[in-house]
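Enquirer: Sequence:
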Amino acid sequence: MRQKVREIKFAELGQLLNLYQYLNPDDPVLNIDGQLTALWQEIFANPDYFCFVIEEDDKIVSSCNLMIIRNLTRGARPYALIENVVTHQAYRKRGYGTAILRKAIEIAKDNNCYKVMLMTGRKDESTLRFYEQAGFDRGEKTGFVIRL
Numbered sequence: 005m006r007q008k009v010r011e012i013k014f015a016e017l018g019q020l021l022n023l024y025q026y027l028n029p030d031d032p033v034l035n036i037d038g039q040l041t042a043l044w045q046e047i048f049a050n051p052d053y054f055c056f057v058i059e060e061d062d063k064i065v066s067s068c069n070l071m072i073i074r075n076l077t078r079g080a081r082p083y084a085l086i087e088n089v090v091t092h093q094a095y096r097k098r099g100y101g102t103a104i105l106r107k108a109i110e111i112a113k114d115n116n117c118y119k120v121m122l123m124t125g126r127k128d129e130s131t132l133r134f135y136e137q138a139g140f141d142r143g144e145k146t147g148f149v150i151r152l
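Positions in the sequence shown are counted from 1; adding 4 to them yields our numbering.
Hint data in this document are derived by calculation from the structure and do not stem from the laboratory. Predicted model only: the values in this text are computed from it and were never measured. Each hint should be verified, as a subset may be incorrect.
In silico DSS-like links for lysine-lysine, alpha-carbon gap of 30 Å or less [unchecked claim]:
id, residue 1, residue 2
1, 63, 97
2, 8, 97
3, 63, 145
Construct all of the structure, not just a fragment, from the sequences and the given hints.
Expert: Written as structure tokens, this is what we have:
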């Protein structure tokens, strides 16, 4: 079965937030109020932001974000950053993560990006192999993070 990857719809914020429970279970639950809706509108309206989803059983079961970052090096070609890759726990091992990453990489290519980067906080070998099988090289760069 081929998974249908599409961009998220504005009205699907609640479903996206529900899915994010499986990304960072310790994060506080966000209430959809006026302030959060305004933030979502700002994010959603950004032409360099893409949120891809896969839907099954009438709910979003997998998602990732792609951000195109304009750049003045590499011949003024942009680069892309992938974040928030998540699949609902009950829908894992079905190819959704791979399909959604392929779509993000395709859109990065369509936007003339010279590279796509992602970081993961996961250390387990199966997760690292998953990203390598999707085409990412864990030895290409060294990542550093400051938590604020």
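Enquirer: Against this structure, judge whether each hint is valid.
Expert: Here is what the structure says about each hint:
1. Distance restraint check for residue 63 and residue 97: the Cα-Cα separation of roughly 17 Å lies within the 30 Å cut-off, and the hinted pair is therefore satisfied.
2. Taking the CA atoms of residue 8 and residue 97, the gap is about 16 Å. The hint holds against a cut of 30 Å.
3. Pair hint residue 63 plus residue 145 does not hold up; C-alpha atoms about 36 Å apart against a cutoff of 30 Å.
The structure does not agree with numbered hint 3 stated previously, though it agrees with all others.
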